[in-house]
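Trainee: In the numbering used here, the protein residues as written are 831 to 984.
No lab work stands behind these hints, which were simulated from the structure alone.
There may be inaccurate statements among the hints.
[To be verified] Restraint ranges, calculated between C-beta atoms of paired labels, are given here: (1) S928 - F851: 35 to 43 Å; (2) A903 - P883: 18 to 26 Å; (3) F909 - G848: 20 to 28 Å; (4) T846 - E887: 17 to 25 Å; (5) H971 - A913: 18 to 26 Å; (6) K904 - R966: 34 to 42 Å; (7) G881 - S924: 39 to 47 Å; (8) L901 - L836: 41 to 49 Å; (9) F909 - C977: 26 to 34 Å; (10) G959 - R863: 22 to 30 Å.
We put the beta carbon where it would ideally sit given N, CA and C, even for glycine.
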Amino acid sequence: MSDSRLPLLLIAAGGTGGHMFPAQALAEAMVRRGWRVKLSTDARGARYAGGFPHVVEVEQVPSATFARGGLAAKLAVPFRIGAGVFAAVMRNFSDRPSVVVGFGGYPTIPALSSAWILRLPRAIHEQNGVMGKVNRVFAKHVDTFACGTWPTDL
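Turn these sequences into a full structure, and let the hints guide you.
Mentor: See the structure below:
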């Protein structure tokens, strides 16, 4: 079977180790099971991708957070995220991932939004006892919700 016929998992994770290391564990498990895996993240997250299996393709998406920068940077956030959503819709329309799994952080917004727009299967993994902002927004718009600790405040 050619690689393009293998199921595709798109993992979306923010740019910190708390998001990336659980995402890496899923990537490793799914590669072992014969899946193709892509990682969608921002430039900061891409720096953590070195530990992912070498067959995982890393896609950098435009993203931003409201937590950094001055007024101009904060005003630009919706436009950067919007550009990321547009790019993700175009990419996922052609790639048609079998499932999109978000691990939290602002860089997951484009992938999960595009999956919702394209009606692709979606899941969220929350690794903390209290759900993060992005996961909280998408929690009602996914097919599956996995928790790393229990009980997680849903």
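Trainee: It remains to establish, for every hint, whether it holds in the given structure.
Mentor: Each hint, compared with the structure:
| no. | hint | verdict |
| --- | --- | --- |
| 1 | S928 - F851: 35 to 43 Å | violated, 23 Å |
| 2 | A903 - P883: 18 to 26 Å | violated, 34 Å |
| 3 | F909 - G848: 20 to 28 Å | holds, 26 Å |
| 4 | T846 - E887: 17 to 25 Å | holds, 21 Å |
| 5 | H971 - A913: 18 to 26 Å | holds, 21 Å |
| 6 | K904 - R966: 34 to 42 Å | violated, 20 Å |
| 7 | G881 - S924: 39 to 47 Å | violated, 28 Å |
| 8 | L901 - L836: 41 to 49 Å | holds, 46 Å |
| 9 | F909 - C977: 26 to 34 Å | holds, 33 Å |
| 10 | G959 - R863: 22 to 30 Å | holds, 29 Å |
The structure fails to meet hints 1, 2, 6, 7 from the earlier list, while all remaining hints are met.
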